[in-house]
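Enquirer: This is what each chain is made of:
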Amino acid sequence: MRGKTFRYGRRVAGAALAAAAALALQALPALAHPHVWVTASAALVFDQDGRLAAIRHRWIFDKAFSAYATQGLDKNGDGKFSRQELAGLARENIDGLTEFGWFTNLKINGAKTAFAPPKDGAMDMVDGQIALGFLLPLEKPAGPGKAMMLDISDPTYFVAFSLADGDGAIALEHAPAGCVASITRPKAPPPQTQNLTEDFFNALNQASDYGSQFANKVVVACP
Amino acid sequence: MTEAPIDRATAASELTGDRLWSRLARRILFAVIAVAIVCGGLALLALAFSQAAPPPPRNPFAGGMAETAAGGRIGAVVIAMQSAFYRALTQGLQTFSSGGAGLWGLLGVSFAYGVFHAAGPGHGKAVISGYLVANERTLARGAALSFAAAMLQATVAVALALTLALVFNATAAMVKLSVSVVELVSFALVALLGVALTWRKAGALANPGGPQPADASCGTDCGHAHMPGPEAVDRARDLRAMAGVVLAAGVRPCSGALIVLAFAVSQRALAAGIAATFAMAVGTALTTGVIAALAVFAKRLALRLASGGSMSGARVMAALELLAAAFVLVTGLALLAGVQAAGAS
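Going line by line, the protein sequences match chains B and X. Heads up: the first sequence runs through residues 448 to 670, numbered per this note's numbering. Heads up: the second sequence runs through residues 1411 to 1755, numbered per this note's numbering.
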């Protein structure tokens, strides 16, 4: 009698285990496959009182997504994309970004900052890559003499952000004297060559940095 | 001990309406219980992972489609691999179009991209493995289903991309709209397939040891039970179910393929783009096939654990098959609910 119960129990356990394993495979937290790569640069814009007033973004998209996003938009068929032809796309993108907080995380003295709706949204195409520019005003300008931390990233990793090369990635406009921006980059340098293999490993290194809180962070300190 | 006489008594009145009604009621009850168990299990798992889970991926940019990938540390590595291969793929396409690189290298990275792209949860894999666990299916069957679904996916991607881009000069927004329509159809197919499987498996559990559903307790899908020989009917039903699996799993094109094809059009390397898409599909088929094989092995393991041919063992197996069928149904419903939630916001 005991043996029978035991055997039955084992069967149930086996079946339950198989079912649980099958379920567990499907229910892990969701991340997106990255399909969009953005090289970002930003300017921190200060007002006359030396307060941080806005962030001016410029995001350059990868060539493949650029081709995808602009298909059918060359209305006059001249093989080029004018600002007018891209205006609709720019508006759509900026509207779509609202829900994601424009992928912009700005902390001032550790507190998250709210933004007002963006202005001056426009797109242009350079060398087969579309670029989206917009000005993101802070809801309330932040007083001078504060430590600011900016990070541009997509937590779900659908969009893979990286900061542009060099010091040009971050600019300070009308900043009070003595303000300094420092950039923390991912360990691997972004791809610079046209070499396929090298590009591959660079992309791999960059992508492995997903989730890293310290990738693409900018710290601005003012006296 | 007390059950035997009752069984005999009910067996005597097997053909009465009461008996049929109670069997139908039991069948419905089993189906509902299975769906409830699967829902509960998935909800618990979702709860357990909810702290670590970021919000579901959505695509902010007009035109693109977001897809789910695996999470966690392994998921991050898989994502890193596939994004690296994807970058290599687009880079390779560009180099190819400017006459710089060979086609084989491009096909190689496309294949590798397909392998890693498919290594994550997706409704196609859920449908195929659910179907394989719910039915007694061989490795060959699993491989054939995976391959057919992947090829269908590539074919749909190429057909959709070419028609929209070359015939209609469509924008990304229009591509996205067409994909959402196809997506809705495929999710509905998953749910329908789940309903059919659950109904059949609930019938098997409600009527253990009995012949395959007799006409009265039979679902809408076997109105022709009096057609030539049971084997032929089985085969026809099998083929129909498998066609359903392939359609449900493969009709939605993957966004990576659509982006690659649009890029290929812009680079005037359309043929290379199509070849890359099919190489991607072969890679996808490989990964899906491995997951399908795991499902087949899991089923065999469960069969062995429940072996002995005793009544209870058979019942446990029937219950497991019913749960797998319910899993397909719940997956379909969850996908449809997700579409609705996304549409509402």
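Think of the hints as simulated: they come from the structure by calculation, not from any bench. Each hint should be verified, as a subset may be incorrect.
[Unchecked claim] The calculated lysine to any residue pairs, modelled on SDA-like cross-linking and capped at a C-alpha distance of 25 Å, are:
1. LYS566(B) x HIS621(B)
2. LYS593(B) x THR631(B)
3. LYS1586(X) x LYS554(B)
4. LYS1586(X) x ASP571(B)
5. LYS1586(X) x THR545(B)
6. LYS510(B) x VAL1442(X)
7. LYS587(B) x ARG505(B)
8. LYS554(B) x ALA624(B)
9. LYS510(B) x SER1508(X)
10. LYS510(B) x ASP496(B)
11. LYS554(B) x ALA622(B)
12. LYS1586(X) x ALA622(B)
13. LYS522(B) x LEU1513(X)
14. LYS522(B) x TRP1514(X)
[Unchecked claim] Partial list, computed: chain B residues near chain X (C-beta under 8 Å):
15. THR486
16. ALA516
17. LEU520
18. ALA607
19. PHE608
20. ALA611
21. ARG632
22. ALA668
Note that CB positions come from ideal geometry on N, CA and C, so glycine has one too.
Enquirer: Now tell me if each hint is right for this structure.
Expert: Hints, verified against the model:
no. : hint                   : verdict
1   : LYS566(B) x HIS621(B)  : 19 Å, holds
2   : LYS593(B) x THR631(B)  : 19 Å, holds
3   : LYS1586(X) x LYS554(B) : 35 Å, violated
4   : LYS1586(X) x ASP571(B) : 22 Å, holds
5   : LYS1586(X) x THR545(B) : 19 Å, holds
6   : LYS510(B) x VAL1442(X) : 50 Å, violated
7   : LYS587(B) x ARG505(B)  : 22 Å, holds
8   : LYS554(B) x ALA624(B)  : 21 Å, holds
9   : LYS510(B) x SER1508(X) : 14 Å, holds
10  : LYS510(B) x ASP496(B)  : 41 Å, violated
11  : LYS554(B) x ALA622(B)  : 17 Å, holds
12  : LYS1586(X) x ALA622(B) : 42 Å, violated
13  : LYS522(B) x LEU1513(X) : 32 Å, violated
14  : LYS522(B) x TRP1514(X) : 36 Å, violated
15  : THR486                 : 13 Å, violated
16  : ALA516                 : 5 Å, holds
17  : LEU520                 : 6 Å, holds
18  : ALA607                 : 7 Å, holds
19  : PHE608                 : 12 Å, violated
20  : ALA611                 : 17 Å, violated
21  : ARG632                 : 17 Å, violated
22  : ALA668                 : 30 Å, violated
Checked against the numbered hints above, the structure breaks hints 3, 6, 10, 12, 13, 14, 15, 19, 20, 21 and 22 and satisfies the rest.
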